[in-house]
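Chain order of the listed sequences is A and B.
No gaps in the numbering here: position 52 of the first sequence is 60 in this note's numbering, and each next residue is one more.
No gaps in the numbering here: position 3 of the second sequence is 6 in this note's numbering, and each next residue is one more.
In case anyone wonders, no lab produced these hints; they're calculated from the structure.
It is possible that part of the hints are untrue.
Okay, the calculated bits of chain A under chain B, using three or more residues with CB under 8 Å as the criterion [said to hold, decoys possible]:
1. 37–48
2. 67–76
3. 90–102
4. 116–123
5. 141–154
A virtual CB, placed ideally from N, CA and C, is assigned to each residue, including glycine.
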Amino acid sequence: MESKTKEMIFSLVLMVFGVYVAIEGYMIFLRAASAPYFITEFTVSPGFVPVILGVALVFFSILHFISCIREEGKKPGEVIKEHFAEAAAWVKANKRNVDIAFTIGAVIIMGIYTYVLMELLPFWAATLIFLLAIFFYLRTDKWWKNILVAVLGVIAIVLVFQYCFNAALP
Amino acid sequence: MALEYIGIAFMTALQPLNLLVLVLSTLVGLVMGVLPGLSATMAIALLTGLTYNFPTQTAIISLLAIYVGAISGGCQSAILLNIPGTPASAATALDGHPMALQGKGGLAIFIATTVSCLGTLISVVFVLTLTPLLTSLALKFTSWEFFLLSIFGILICGTITAQASPVKGWISGILGLIVAMVGLDTVDTIARFSYGNVNLMSGIQLIPVMIGLFGFPEIVRAFKRHSDDQVTKASKFEMKQGFSLIFRNFGNVLRSACIGVGVGIIPGVGEDTGGWLSYWATRSLAPADEKDSFGKGNPKGIISTETGNNSCIGGAIIPVLSLAVPGSAPAAVLLAAFLMHGYRPGPLLMTESPDFLYNVCIYLAFASVAMWLIALGLSKLTVRLLGVNKKYLMPIVYALCVIGSYLINYNLFDVKVMFVFGLLGIVLTSMNFPAAPFLLGVILGPMLDSNLRRALRLSDGSFLPMFQRPICLFFLAFIILLILAQLGVFKVLKGKKLAD
Numbered sequence: 009m010e011s012k013t014k015e016m017i018f019s020l021v022l023m024v025f026g027v028y029v030a031i032e033g034y035m036i037f038l039r040a041a042s043a044p045y046f047i048t049e050f051t052v053s054p055g056f057v058p059v060i061l062g063v064a065l066v067f068f069s070i071l072h073f074i075s076c077i078r079e080e081g082k083k084p085g086e087v088i089k090e091h092f093a094e095a096a097a098w099v100k101a102n103k104r105n106v107d108i109a110f111t112i113g114a115v116i117i118m119g120i121y122t123y124v125l126m127e128l129l130p131f132w133a134a135t136l137i138f139l140l141a142i143f144f145y146l147r148t149d150k151w152w153k154n155i156l157v158a159v160l161g162v163i164a165i166v167l168v169f170q171y172c173f174n175a176a177l178p
Numbered sequence: 004m005a006l007e008y009i010g011i012a013f014m015t016a017l018q019p020l021n022l023l024v025l026v027l028s029t030l031v032g033l034v035m036g037v038l039p040g041l042s043a044t045m046a047i048a049l050l051t052g053l054t055y056n057f058p059t060q061t062a063i064i065s066l067l068a069i070y071v072g073a074i075s076g077g078c079q080s081a082i083l084l085n086i087p088g089t090p091a092s093a094a095t096a097l098d099g100h101p102m103a104l105q106g107k108g109g110l111a112i113f114i115a116t117t118v119s120c121l122g123t124l125i126s127v128v129f130v131l132t133l134t135p136l137l138t139s140l141a142l143k144f145t146s147w148e149f150f151l152l153s154i155f156g157i158l159i160c161g162t163i164t165a166q167a168s169p170v171k172g173w174i175s176g177i178l179g180l181i182v183a184m185v186g187l188d189t190v191d192t193i194a195r196f197s198y199g200n201v202n203l204m205s206g207i208q209l210i211p212v213m214i215g216l217f218g219f220p221e222i223v224r225a226f227k228r229h230s231d232d233q234v235t236k237a238s239k240f241e242m243k244q245g246f247s248l249i250f251r252n253f254g255n256v257l258r259s260a261c262i263g264v265g266v267g268i269i270p271g272v273g274e275d276t277g278g279w280l281s282y283w284a285t286r287s288l289a290p291a292d293e294k295d296s297f298g299k300g301n302p303k304g305i306i307s308t309e310t311g312n313n314s315c316i317g318g319a320i321i322p323v324l325s326l327a328v329p330g331s332a333p334a335a336v337l338l339a340a341f342l343m344h345g346y347r348p349g350p351l352l353m354t355e356s357p358d359f360l361y362n363v364c365i366y367l368a369f370a371s372v373a374m375w376l377i378a379l380g381l382s383k384l385t386v387r388l389l390g391v392n393k394k395y396l397m398p399i400v401y402a403l404c405v406i407g408s409y410l411i412n413y414n415l416f417d418v419k420v421m422f423v424f425g426l427l428g429i430v431l432t433s434m435n436f437p438a439a440p441f442l443l444g445v446i447l448g449p450m451l452d453s454n455l456r457r458a459l460r461l462s463d464g465s466f467l468p469m470f471q472r473p474i475c476l477f478f479l480a481f482i483i484l485l486i487l488a489q490l491g492v493f494k495v496l497k498g499k500k501l502a503d
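Build the full structure now, drawing on both the sequences and the hints.
Written out as structure tokens, the structure reads:
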């Protein structure tokens, strides 16, 4: 996908996010204005800076959006249509992209390690399982080398942090 | 009297036990600086407890050596892996990593390490001589100045890092500022963007954000099945070429050191800002035909950032000694460590312990020289990292990132935060949005928010006092000119004038 197309879509997302931040900032002001805080002055309210940041984000996102759709000899509407058509074509073409799917698979393994294994197991066990899983998934090298590096890696990390730096690992 | 104190400090540092502690502490600091996610703050915090039973002078030597080592060590992973070991070395990756990709990793590390040493040594001279003068200037900063300084820092960082489109850099900075708003606000302790979650109420920690934004995309990139495997050739140090480059850029070294010390002395603005500001100054002053080479492996970029961030060490120590106000986050931990070892930094320090200033200066100088020698030896090992299969290295680096995130609060929530910001880092990278302004936004967000609201509260909601202060007017003029210049307003005006 062309860089301008990606950035145009991203600037739209940022605009929506900016609007959300500004609205949420205003809600914080309303909450702070009621009991038990009674901060009724908007400029000293905790919602003031989020509102300013939300508005600034929308403003700069609009500037960026304009820079993405500015093309000589073409109307903005035409350029926007072209960018959306290109994005749709890219999604269609890359539905079965092996490289993207492979990378997403690796990120999922990292996610499982972070959100599941770390919660359930001690650090050394979770890390050993993660390293073995990712080395085999990535087909890094021969199986015995993968196991050796994973085991030695975990031992080194635990030795350095738990015993040398005296840090308590999860 | 001063010479006597310096002589005594010199002899103390040369005692065998102290020399051994100096070497070991510098090594530990360097290793922690090299490892992504382990910041200088964390290094000092983790090891303060270990120095509790040390003799006082030995403990002070150890803590200062760790500080110098950790700030300097961050450059090695920034250059070799494009993952800054500490936030202070984020700017070093801009030119350092492209140099490593060109097969000049050894030269880049040599330059970075040598100017780091020089930066610290120059800052020691400032600590000794300019402490009273610089402290009086920093004392003139009120909430308005701190607020404008935060905006100024983010704008500069955004402009530098998103060269083709500064708006992208500024958007990235605003996103960082929004992240910094999460949690209980520092003025009224009202929860913002927390959605009833206790972990979110305590705010988003800086280190997990930093690791996620910078480390995660690099790790995931190595996982691609058909990765372009930019394995850089391990290169020699090229000491002669390195010294020659530094000698030719000595003006740059001096300027960056002055900027670093100036930034360091301002409370709350740390080594990272010092590095970025020095980089920005060097790039701005470079000839027009050379400007494009920045970010593509220009050694001048490394020289300015590493001198800038290391000279911040001395700068940050100046307010610690004279006002008991830390100039940066690591200096804050250092202040606590000084107190733990029986010193009371502040206006009475020179009356109560007049030798302490000279001790700190001499120990800093020793630590910087030790850092230079050890870092060069250590880098021979780190340069070899380039040859290691990244599919082995990066999962292990991810495990280190997990530990780095966890050790901040011993809370698994921070590890999850790191993962989320890692995904955001991938999005930002793929959209060509720089991550550095985002990080600076997270760092400066609390300072911006609390100072603006404190200033407004004192002025009953009026912005008028901001326009009545000379330093504020300087910052305001600079901010407006920077925005107008980057949006091309002056070019349009110039074009109209020519057309007329």
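Broken hints, by number: Violated: hint 3 alone.
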